[in-house]
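Undergrad: Next come the chains, spelled out residue by residue.
2 protein chains.
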Amino acid sequence: MSDSLGIVETKYFSFAEPPNELTLESGEKLGSITLAYETYGELNKEKTNAILILHAFSGDAHAAGFHKGARKPGWWDNMIGPGKAFDTEKYFIICSNVIGGCQGSTGPGSINPKTNKIYGLDFPMVTIKDMVNTQVQLINFLGIKKLLSAAGGSMGGMQVLQWMVNYPKKIRSAIPIATSAKHSPMQIAFNEVGRQAIMADSHWLNGNYYNKKKPVKGLSVARMVGHITYMSENSMESKFSRRLKTDRGPAKFTADFEVEGYLRYTGDSFTKRFDPNSYLYITKAMDLFDAAKGKPLSHVLKNLDAQVLVIAFKSDWLYPTSQSKEIVKACKMAGINATFCEIDSNYGHDAFLLEVEKEAHLIKHFLQKVYNDIED
Amino acid sequence: MSDSLGIVETKYFSFAEPPNELTLESGEKLGSITLAYETYGELNKEKTNAILILHAFSGDAHAAGFHKGARKPGWWDNMIGPGKAFDTEKYFIICSNVIGGCQGSTGPGSINPKTNKIYGLDFPMVTIKDMVNTQVQLINFLGIKKLLSAAGGSMGGMQVLQWMVNYPKKIRSAIPIATSAKHSPMQIAFNEVGRQAIMADSHWLNGNYYNKKKPVKGLSVARMVGHITYMSENSMESKFSRRLKTDRGPAKFTADFEVEGYLRYTGDSFTKRFDPNSYLYITKAMDLFDAAKGKPLSHVLKNLDAQVLVIAFKSDWLYPTSQSKEIVKACKMAGINATFCEIDSNYGHDAFLLEVEKEAHLIKHFLQKVYNDIED
Numbered sequence: 001m002s003d004s005l006g007i008v009e010t011k012y013f014s015f016a017e018p019p020n021e022l023t024l025e026s027g028e029k030l031g032s033i034t035l036a037y038e039t040y041g042e043l044n045k046e047k048t049n050a051i052l053i054l055h056a057f058s059g060d061a062h063a064a065g066f067h068k069g070a071r072k073p074g075w076w077d078n079m080i081g082p083g084k085a086f087d088t089e090k091y092f093i094i095c096s097n098v099i100g101g102c103q104g105s106t107g108p109g110s111i112n113p114k115t116n117k118i119y120g121l122d123f124p125m126v127t128i129k130d131m132v133n134t135q136v137q138l139i140n141f142l143g144i145k146k147l148l149s150a151a152g153g154s155m156g157g158m159q160v161l162q163w164m165v166n167y168p169k170k171i172r173s174a175i176p177i178a179t180s181a182k183h184s185p186m187q188i189a190f191n192e193v194g195r196q197a198i199m200a201d202s203h204w205l206n207g208n209y210y211n212k213k214k215p216v217k218g219l220s221v222a223r224m225v226g227h228i229t230y231m232s233e234n235s236m237e238s239k240f241s242r243r244l245k246t247d248r249g250p251a252k253f254t255a256d257f258e259v260e261g262y263l264r265y266t267g268d269s270f271t272k273r274f275d276p277n278s279y280l281y282i283t284k285a286m287d288l289f290d291a292a293k294g295k296p297l298s299h300v301l302k303n304l305d306a307q308v309l310v311i312a313f314k315s316d317w318l319y320p321t322s323q324s325k326e327i328v329k330a331c332k333m334a335g336i337n338a339t340f341c342e343i344d345s346n347y348g349h350d351a352f353l354l355e356v357e358k359e360a361h362l363i364k365h366f367l368q369k370v371y372n373d374i375e376d
Numbered sequence: 001m002s003d004s005l006g007i008v009e010t011k012y013f014s015f016a017e018p019p020n021e022l023t024l025e026s027g028e029k030l031g032s033i034t035l036a037y038e039t040y041g042e043l044n045k046e047k048t049n050a051i052l053i054l055h056a057f058s059g060d061a062h063a064a065g066f067h068k069g070a071r072k073p074g075w076w077d078n079m080i081g082p083g084k085a086f087d088t089e090k091y092f093i094i095c096s097n098v099i100g101g102c103q104g105s106t107g108p109g110s111i112n113p114k115t116n117k118i119y120g121l122d123f124p125m126v127t128i129k130d131m132v133n134t135q136v137q138l139i140n141f142l143g144i145k146k147l148l149s150a151a152g153g154s155m156g157g158m159q160v161l162q163w164m165v166n167y168p169k170k171i172r173s174a175i176p177i178a179t180s181a182k183h184s185p186m187q188i189a190f191n192e193v194g195r196q197a198i199m200a201d202s203h204w205l206n207g208n209y210y211n212k213k214k215p216v217k218g219l220s221v222a223r224m225v226g227h228i229t230y231m232s233e234n235s236m237e238s239k240f241s242r243r244l245k246t247d248r249g250p251a252k253f254t255a256d257f258e259v260e261g262y263l264r265y266t267g268d269s270f271t272k273r274f275d276p277n278s279y280l281y282i283t284k285a286m287d288l289f290d291a292a293k294g295k296p297l298s299h300v301l302k303n304l305d306a307q308v309l310v311i312a313f314k315s316d317w318l319y320p321t322s323q324s325k326e327i328v329k330a331c332k333m334a335g336i337n338a339t340f341c342e343i344d345s346n347y348g349h350d351a352f353l354l355e356v357e358k359e360a361h362l363i364k365h366f367l368q369k370v371y372n373d374i375e376d
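Just so you know, the protein sequences line up as chains F and G, in that order.
My numbering applies: residue 1 is where the first sequence begins, and numbers increase by one.
My numbering applies: residue 1 is where the second sequence begins, and numbers increase by one.
Just to be clear, a hint being listed does not mean it is correct.
Because identical chains cannot be distinguished in the list, a pair is counted as satisfied if it fits within a single copy or across any two copies.
As the list claims (entries may be wrong) - Below 30 Å or equal to it, Euclidean Cα-Cα: the simulated BS3-like pairs (lysine-lysine) are:
id, residue 1, residue 2
1, 295, 245
2, 117, 146
3, 212, 332
4, 239, 295
5, 129, 170
6, 114, 252
No wet-lab data here; the hints were simulated from the structure.
Please put together the full structure from these sequences, using the hints given.
TA: This is the structure in structure tokens:
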């Protein structure tokens with residue numbers, strides 16, 4: 001495919017070696033930190049074309065292109081590449097994994113340098129702000145003073161908001177997608193059920209399951225709950241309706257309906273790529289996130305001089321449009337040049353990964369304008 | 001309180017002694033069956049004032065009044081009693097527990113007469129139709145030829161629909177509330193997550209946990225998922241918002257937010273009164289329920305000559321109004337005298353238990369009219 005990035009590789013950036021440790025929001029220090037990241041396209045001479053892509057809860061640094069030998073591309077490949085929304089012919093795209101995760105960055109499954117054992121629950125609590133503070137180090141390391149844009153959906157959007165609040169001079173634009181400035185009790189509740197499912201697994205062992213049996217059943221149930229919230233009533237209806245599985249066995253409480261089989265499969269696959277403790281840490285970071293820390297959001301955005309594009313999706317009931325509108329309202333009250341678009345979609349929260357055509361159109365033109373404004 | 005029924009007692013009706021066993025929809029026979037039930041008010045001489053109340057998934061026969069020494073009344077006490085919607089000064093109210101349950105009726109925790117051991121997963125699959133078929137035996141035993149009404153919310157509403165389809169000559173009216181003629185894939189998905197949480201618990205032991213440790217953690221997670229779906233975004237916001245617990249401990253991943261503490265408490269209390277295997281059997285009965293069995297619903301209602309009142313609640317996203325409207329539409333197409341009301345409420349699916357004033361008003365007048373029509 002001419003619009004594919006082809007083969008790409010994950011890189012690793014290590015920093016904050018003692019004694020130059022990064023102090024986390026909790027006050028704890030983490031020792032040397034590694035961030036997994038990928039880049040696509042070329043940084044221009046003026047270093048003005050860099051865009052930071054921020055991933056959602058279970059995402060990773062591999063946003064686009066193919067890893068050697070892989071048949072599946074990165075998670076936002078339909079949006080990133082030559083001629084695509086995030087056009088790698090024009091822009092230098094960076095995607096950074098988050099700390100606390102399990103996809104190559106420092107997290108609860110990493111070795112604690114103080115004990116030479118795997119952290120487990122000795123890993124300090126991390127916040128969305130901590131994630132962004134590490135990304136700033138990566139951007140500095142890459143020699144970029146100001147990003148053309150920071151963009152991401154769901155938890156990626158929370159990181160975008162954190163950039164807007166804490167690094168207002170380091171971004172020319174921001175694209176928070178299908179996200180919220182703070183979780184509602186319902187969003188917290190769904191995350192809490194996932195955490196409880198993991199901690200209910202007898203193999204969880206208070207987080208000390210490394211080198212033992214992984215609490216896969218609990219993690220699988222957690223993912224199933226999450227997955228339901230990512231879809232919509234309509235998308236489930238058109239994908240499964242009430243169709244029965246053709247291979248129903250005689251045993252009781254095996255999957256009867258296709259939707260049941262799909263959920264089990266989804267839960268199961270997830271356990272092969274995700275660390276249960278990372279599930280706990282990252283969902284907790286999302287729940288505790290409050291971009292404005294109790295103040296009016298417009299107040300904490302007052303130093304931002306960037307163009308903002310807020311995108312929501314009509315059938316997204318997990319991150320409803322009302323939450324995006326709160327962000328837009330705060331931007332307007334802070335005098336920020338903000339555009340809002342609600343995309344009509346049946347895909348629910350997953351729409352930010354699937355509703356490519358409309359989303360790409362919006363983002364492409366928005367970025368073009370921001371980029372032209374510099375060149376002018 | 002003058003409108004309270006005071007002290008009430010659960011009664012037990014046993015029937016279908018071999019060789020007169022009841023054949024279940026699956027073709028299996030169950031041996032002697034016991035139904036727990038309660039009655040309130042007096043049956044009139046003509047036996048025309050009997051109303052059958054049908055409970056939701058986790059309900060029981062104790063719908064109203066107080067058990068001796070109890071501080072909490074039955075689950076629909078605000079609707080049943082002297083002068084209330086289901087007025088015990090005028091009507092004879094019966095509430096029957098369902099088979100497959102764990103509140104005094106025959107279920108997976110009962111003794112299998114063939115082996116003298118607890119059934120566990122040897123208990124046959126039961127359906128909503130099986131539940132109704134046993135209720136008919138109870139009604140016959142009480143000497144009632146025709147019910148004034150059958151009423152219930154959620155799974156209770158499914159039983160009402162089953163009465164409408166299979167016993168059209170035995171009801172003068174029907175009140176299906178916050179229910180559906182068949183589960184959508186999303187409703188199935190939420191139930192399936194609950195089942196998976198139970199079966200993931202290492203204490204579940206393929207259902208053979210009786211006399212051993214009960215799989216309480218899995219059951220608790222299942223209940224938490226369910227509980228979220230019973231509330232609405234708004235009711236959660238007004239009940240909890242993002243308030244933090246005042247007694248947060250230093251340990252990681254304990255409950256930080258009030259909503260988390262509430263969910264844990266709710267899950268925990270549920271495990272003290274419910275059998276995990278009953279959770280599996282009853283949710284499966286709900287998921288497999290299809291009042292019309294694939295035909296148009298209006299076709300299977302064509303023999304019904306009863307007045308129908310369908311009630312839905314605006315913020316109920318688990319059993320959305322659209323599903324109630326399908327029932328109303330089918331009634332209309334079958335030439336049935338059906339009234340529909342969507343009650344404005346913030347309580348979500350729980351509204352059928354909480355939105356008493358509006359619901360009581362509707363039901364009281366509806367029943368009055370049905371009752372007057374006989375007397376005329």
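Undergrad: Could you place residue 129 and residue 170 in one of the four classes (within, between, both, neither) given a Cα distance threshold of 30 Å?
TA: within (15 Å within a copy, 65 Å between copies)
Undergrad: State whether the alpha carbon distance between residue 117 and residue 146 is at most 30 Å within one copy, between copies, both, or neither.
TA: neither (38 Å within a copy, 72 Å between copies)
Undergrad: Have a look at residue 212 and residue 332 and pick one of within, between, both or neither, based on CA distance no larger than 30 Å.
TA: Neither: 52 Å inside a chain and 61 Å across chains, both beyond 30 Å.
Undergrad: If the cut is 30 Å between Cα atoms, do residue 239 and residue 295 qualify within a copy, between copies, both or neither?
TA: between (42 Å within a copy, 21 Å between copies)
Undergrad: How would you classify residue 295 and residue 245 at a CA-CA limit of 30 Å: within, between, both, or neither?
TA: between (51 Å within a copy, 20 Å between copies)
Undergrad: How would you label the pair residue 114, residue 252 (within, between, both, or neither) given a Cα cut-off of 30 Å?
TA: between (50 Å within a copy, 20 Å between copies)
Against the hints set out earlier in the document, violations occur for numbers 2 and 3.
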